[in-house]
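So the protein sequences, as listed, match chains V and L.
Everything in the first sequence is counted per the numbering used here, starting at 131 for the first residue and increasing by one.
Everything in the second sequence is counted per the numbering used here, starting at 131 for the first residue and increasing by one.
Worth flagging that the hints you see were computed from the coordinates, not collected in a lab.
Keep in mind that a hint or two might mislead.
Remember, identical chains collapse to one label, so a pair may be satisfied in a single copy or spanning two.
Here are the computed lysine-lysine pairs in the DSSO-like style, where the Cα-Cα straight-line distance is at most 30 Å [to be verified]:
{"id": "1", "residue 1": "Lys-574", "residue 2": "Lys-297"}
{"id": "2", "residue 1": "Lys-139", "residue 2": "Lys-297"}
{"id": "3", "residue 1": "Lys-307", "residue 2": "Lys-288"}
{"id": "4", "residue 1": "Lys-307", "residue 2": "Lys-139"}
{"id": "5", "residue 1": "Lys-133", "residue 2": "Lys-288"}
{"id": "6", "residue 1": "Lys-416", "residue 2": "Lys-133"}
{"id": "7", "residue 1": "Lys-483", "residue 2": "Lys-574"}
{"id": "8", "residue 1": "Lys-297", "residue 2": "Lys-133"}
{"id": "9", "residue 1": "Lys-139", "residue 2": "Lys-574"}
{"id": "10", "residue 1": "Lys-574", "residue 2": "Lys-307"}
{"id": "11", "residue 1": "Lys-133", "residue 2": "Lys-483"}
{"id": "12", "residue 1": "Lys-139", "residue 2": "Lys-416"}
{"id": "13", "residue 1": "Lys-297", "residue 2": "Lys-307"}
{"id": "14", "residue 1": "Lys-297", "residue 2": "Lys-483"}
{"id": "15", "residue 1": "Lys-139", "residue 2": "Lys-483"}
{"id": "16", "residue 1": "Lys-139", "residue 2": "Lys-288"}
{"id": "17", "residue 1": "Lys-483", "residue 2": "Lys-416"}
{"id": "18", "residue 1": "Lys-307", "residue 2": "Lys-483"}
{"id": "19", "residue 1": "Lys-574", "residue 2": "Lys-416"}
2 protein chains.
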Amino acid sequence: MDKIVSLCKRRGFVFPASEIYGGIANTYDYGHYGVLLKREVIDAWWRSMLVARDDIVALDSAIIQHPRTWEASGHLAGFTDPLVDCRTCGLRFRADHLDVSACGRRPSKHPGQTSDCDLTEARAFNLMFQTTIGPVAEEGATVFLRPETAQGIFLDFKTVLGFARRKPPFGIAQVGKSFRNEITPGNFIFRTLEFEQMEMEFFVPPDEAEHWYEHWLRARMDWYSELGLRGDHLRLRAHDADELSHYSCATSDVEYLFPIGWSELEGVANRGDFDLTQHAAHAGEKLEYFDQGSGQRYVPHVIEPAAGVGRSVLAFLCDAYDEDEIGGELRTVLRLHPRLAPVKVAVLPLLRKDGHPEAARALHAALKAAAIQSEYDEGGAIGRRYRRQDEIGTPWAATVDHQTLQDGTVTLRDRDTLEQERIAAADLPGELATRLQAPWRSPKP
Amino acid sequence: MDKIVSLCKRRGFVFPASEIYGGIANTYDYGHYGVLLKREVIDAWWRSMLVARDDIVALDSAIIQHPRTWEASGHLAGFTDPLVDCRTCGLRFRADHLDVSACGRRPSKHPGQTSDCDLTEARAFNLMFQTTIGPVAEEGATVFLRPETAQGIFLDFKTVLGFARRKPPFGIAQVGKSFRNEITPGNFIFRTLEFEQMEMEFFVPPDEAEHWYEHWLRARMDWYSELGLRGDHLRLRAHDADELSHYSCATSDVEYLFPIGWSELEGVANRGDFDLTQHAAHAGEKLEYFDQGSGQRYVPHVIEPAAGVGRSVLAFLCDAYDEDEIGGELRTVLRLHPRLAPVKVAVLPLLRKDGHPEAARALHAALKAAAIQSEYDEGGAIGRRYRRQDEIGTPWAATVDHQTLQDGTVTLRDRDTLEQERIAAADLPGELATRLQAPWRSPKP
């Protein structure tokens with residue numbers, strides 16, 4: 131994990147937020163390549179939901195919703211961690227994680243061991259961030275930053291049903307930020323105070339819930355595999371009965387073998403009719419579907435695949451990270467799926483003279499006009515420029531040299547095989563567009 | 131504006147959030163077509179920043195940053211509205227907007243007229259949402275939801291300079307949510323409590339600030355024009371000296387003629403060296419650039435084009451909204467730029483039999499495989515299906531009929547000219563991809 135964190139900071143994928151003020155707990159900013167990678171992950175998710183199928187519609191609900199939302203969902207009463215305070219050092223710890231917690235503060239009598247801290251009894255601490263909106267008087271306007279995007283989908287179920295001309299089975303998909311006021315062990319972007327979710331609620335007739343639960347388990351596993359995560363680093367784990375959330379009939383986690391061990395990448399839950407029933411009761415409004423064909427009226431059951439953007443980004447980075455040796459030199463390389471790579475192709479003039487930069491810039495412009503993320507780089511020896519691109523996962527590098535000016539061809543270097551081929555510069559945009567559509571498998575063993 | 135609001139709700143572009151609980155002040159959710167439209171607007175902005183040029187990098191900084199950020203930026207002390215409370219009804223009003231405010235609550239003596247309310251003296255009310263993060267003790271962890279994305283860019287200036295291998299002039303661009311606890315007059319999505327910004331901070335040598343300010347004024351006006359906003363509904367207005375924010379040397383607003391009158395669509399500000407100087411002083415860290423070539427060391431000046439996603443969406447919708455008459459029937463049509471349209475093409479089988487649906491579904495799949503947002507619709511008379519697509523701004527409709535099964539051609543109908551032409555279904559993805567790249571002008575007078 132240290133190597134990933136270090137690469138992310140060095141090349142500006144992800145780094146701690148507010149660093150000039152000493153940072154802020156478990157909060158990170160995404161730099162240039164991180165934003166590009168994140169956008170590709172989100173785009174791939176939207177494609178799988180909206181383009182590859184016709185039974186899902188998009189939604190973008192607000193972060194701050196009516197506070198009764200969280201009464202109905204159960205978050206206000208039950209979304210808590212058990213916390214203890216230390217009377218000596220003033221720090222706060224999760225009561226259920228004391229064995230892996232450490233007190234690093236003076237004047238703790240024994241820094242590094244919470245077992246020697248002078249702890250209070252455990253208290254339930256709600257994980258929702260609370261704030262106040264105007265203009266009504268303070269007491270009436272306590273609201274919460276959503277701890278999940280899902281509830282916004284349930285609130286809008288009836289509205290969407292009205293305009294979307296859909297009948298179950300159909301889904302509503304959403305990507306957006308959620309916030310949890312958690313004490314975390316600090317595993318980089320695995321768990322952060324604010325995080326982006328990709329959630330989809332799939333509404334189905336009650337008797338089809340089991341079928342669609344199995345369907346989405348497979349579909350979500352396939353999504354990660356097709357984007358390159360290696361099969362032996364990916365598994366499904368069904369929750370035991372005592373692990374299930376209050377709303378769930380069945381949940382399975384898609385787990386990935388992170389450097390911190392097997393951990394949840396995404397949860398797929400059969401939420402039954404819990405949410406629609408709760409909101410219907412709290413709002414005093416029927417949230418059900420009337421099937422004109424069969425004359426049936428029912429509250430749809432819900433299958434929810436809930437993925438995290440940051441966690442996916444971390445898994446793709448961990449899976450892609452590799453080191454090898456080229457000509458006696460250590461090389462760091464991200465073997466990312468070409469569709470996820472922040473930069474698809476680097477365009478490199480061999481020399482900074484003799485017309486190479488001009489020809490390279492023309493090719494760079496042609497690639498961008500074809501909507502292929504290209505990066506132009508003329509700084510330093512060619513080998514060093516290749517290394518810089520390998521480190522950010524650029525699958526191809528096109529080098530402009532003397533021959534380019536004669537016959538219009540460039541050298542195309544492959545990040546993984548290191549093979550170089552000559553290809554007509556004019557054909558490059560089309561060729562890369564084709565390659566970006568092709569299936570891909572990680573070359574890592 | 132009522133017609134826009136009504137269309138947005140009816141077709142699921144945008145509608146009030148938390149409606150089943152009675153709504154929440156000035157907060158809206160985006161439905162399917164709204165999300166697709168919003169994504170196109172954001173994509174167009176990213177393209178103009180990252181693809182059309184090579185001197186800008188992307189950033190995605192956190193919403194909750196270290197609280198000293200807002201001390202340095204001046205928001206903690208100065209980002210306030212002057213507010214008065216009514217001692218009778220308990221409502222709160224902006225002291226500088228009393229002439230357009232109305233009290234609608236009992237037991238106000240004279241509902242609808244704040245001038246008869248029993249008002250307190252005006253107090254400064256900070257517009258930042260405040261919350262608390264754990265696990266440290268309450269008193270030390272008051273934080274704020276960012277009221278603008280810009281400050282995250284300034285915080286990361288030095289980090290980005292380190293990894294991005296850039297020198298001024300260069301820019302850092304960001305899209306993300308900001309939050310302002312405002313009392314607003316409720317003009318739909320013109321001003322909302324949470325809103326998405328598209329901000330770019332362009333760092334330049336001090337003596338080039340004036341040049342780049344002019345450059346970005348033109349560039350941003352061109353962006354809106356190229357996406358179809360009519361020239362006579364778009365203007366630049368320079369702020370008077372007494373209107374300027376504390377950080378600004380010069381600001382101009384790109385204004386659009388909304389139904390509520392000429393209003394700010396985007397601000398382009400010359401922020402000078404205010405922000406970097408402030409953060410340098412508060413963080414005790416130099417935020418400057420050393421030019422190895424010239425040996426010069428300086429604090430870059432900053433030009434900031436700051437656009438709002440929701441406000442842009444509203445302007446594009448208002449500009450596109452039109453009504454005409456076809457065969458004696460009133461038609462509502464959104465004359466959106468094809469690149470912004472949520473759906474690019476509708477695929478319609480003339481009949482629900484005779485092989486039409488199968489051929490139409492095959493064409494629909496081919497269009498989606500080519501990444502063209504297509505919608506399949508077989509419900510209702512063909513004229514009614516055209517109207518549904520007109521209303522959401524779909525520029526083209528491809529109809530599959532008897533002839534399609536014989537010669538492979540479909541009818542392609544144009545939303546604006548209403549002309550119909552026969553085109554080979556196999557050529558349609560390529561043809562539409564080409565048309566989507568072409569320049570476009572609103573057909574509205």
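To test your reading of the hints: which numbers does this structure violate? 1, 7, 10, 11, 15, 17, 18, 19
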